[in-house]
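Residue 53 in the working numbering sits at position 52 of the sequence shown; the count goes up by one each step and never skips.
Keep in mind that the hints were calculated from the coordinates and are not lab data. Here the structure is a predicted model, which is why all the values come from computation and not from measurement. Among the hints, erroneous ones may be present.
Label pairs and their computed distance ranges (CB to CB) [what the hints assert, rightly or not]:
hint	residue 1	residue 2	range
1	A25	A162	14 to 24 Å
2	E130	F43	15 to 25 Å
3	A114	Q35	28 to 38 Å
4	G49	P8	31 to 41 Å
5	E69	E142	29 to 39 Å
6	G97	A136	16 to 26 Å
7	P57	F127	12 to 22 Å
8	A55	H110	13 to 23 Å
9	G13	E93	13 to 23 Å
10	T161	G32	35 to 45 Å
11	D152	E69	12 to 22 Å
12	G9	D152	12 to 22 Å
13	T161	E69	29 to 39 Å
14	P81	G9	36 to 46 Å
A virtual CB, placed ideally from N, CA and C, is assigned to each residue, including glycine.
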Amino acid sequence: MTGVQFPGVQIGPAGPDDMDLVRAIFREYAGWLQVDYCLQDFEAELAGLPGDYAPPGGGLWLAWVDGEPAGCVGYRPLAPQICEMKRLWVREGYRGRRLGRRLAETALHAARAAGYKQMSLETLGFMAEARRLYASLGFAETSRTGNPEDDVRLLERDLTAPVTA
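Take these sequences, add in the hints, and give me the full structure.
Written out as structure tokens, the structure is:
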């Protein structure tokens, strides 16, 4: 695996042989989330991986800690020059190591390099830690409504601005 490296941590693109692992991590995330409306067409998404996450328009990354799969993130196209970050997840035993930040930064840098000018994402109101992370990465909540559910928060980030920690 190639990619961004940190002490004890490696983040790299998910390859064709990693799709079963990506499916397993996505299922962990869905099981934790327990909110069906955020996972419309989830089974079709899993069956079709990498689907919209495939390069050149999208991307999927895995984080590994000491050779063990620790988390993932992806992005996919929404519109010309706009992409959506999806499925940022760090497995329970690997939290507290800034892996979520590292995965999100990896997706931000890759989306910018792919020519996107804006990244959006949806999160939920109860996910305060995730919302703090996204705010620290320059995402701002918008008034645009994409999902009719009250607890869904839409955030956007200008990818022409620098990614800072």
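Tested hints:
no.: 1; hint: A25 <-> A162: 14 to 24 Å; verdict: violated, 34 Å
no.: 2; hint: E130 <-> F43: 15 to 25 Å; verdict: holds, 23 Å
no.: 3; hint: A114 <-> Q35: 28 to 38 Å; verdict: holds, 35 Å
no.: 4; hint: G49 <-> P8: 31 to 41 Å; verdict: holds, 35 Å
no.: 5; hint: E69 <-> E142: 29 to 39 Å; verdict: holds, 34 Å
no.: 6; hint: G97 <-> A136: 16 to 26 Å; verdict: holds, 19 Å
no.: 7; hint: P57 <-> F127: 12 to 22 Å; verdict: violated, 35 Å
no.: 8; hint: A55 <-> H110: 13 to 23 Å; verdict: holds, 18 Å
no.: 9; hint: G13 <-> E93: 13 to 23 Å; verdict: holds, 22 Å
no.: 10; hint: T161 <-> G32: 35 to 45 Å; verdict: holds, 36 Å
no.: 11; hint: D152 <-> E69: 12 to 22 Å; verdict: violated, 32 Å
no.: 12; hint: G9 <-> D152: 12 to 22 Å; verdict: violated, 35 Å
no.: 13; hint: T161 <-> E69: 29 to 39 Å; verdict: holds, 36 Å
no.: 14; hint: P81 <-> G9: 36 to 46 Å; verdict: holds, 39 Å
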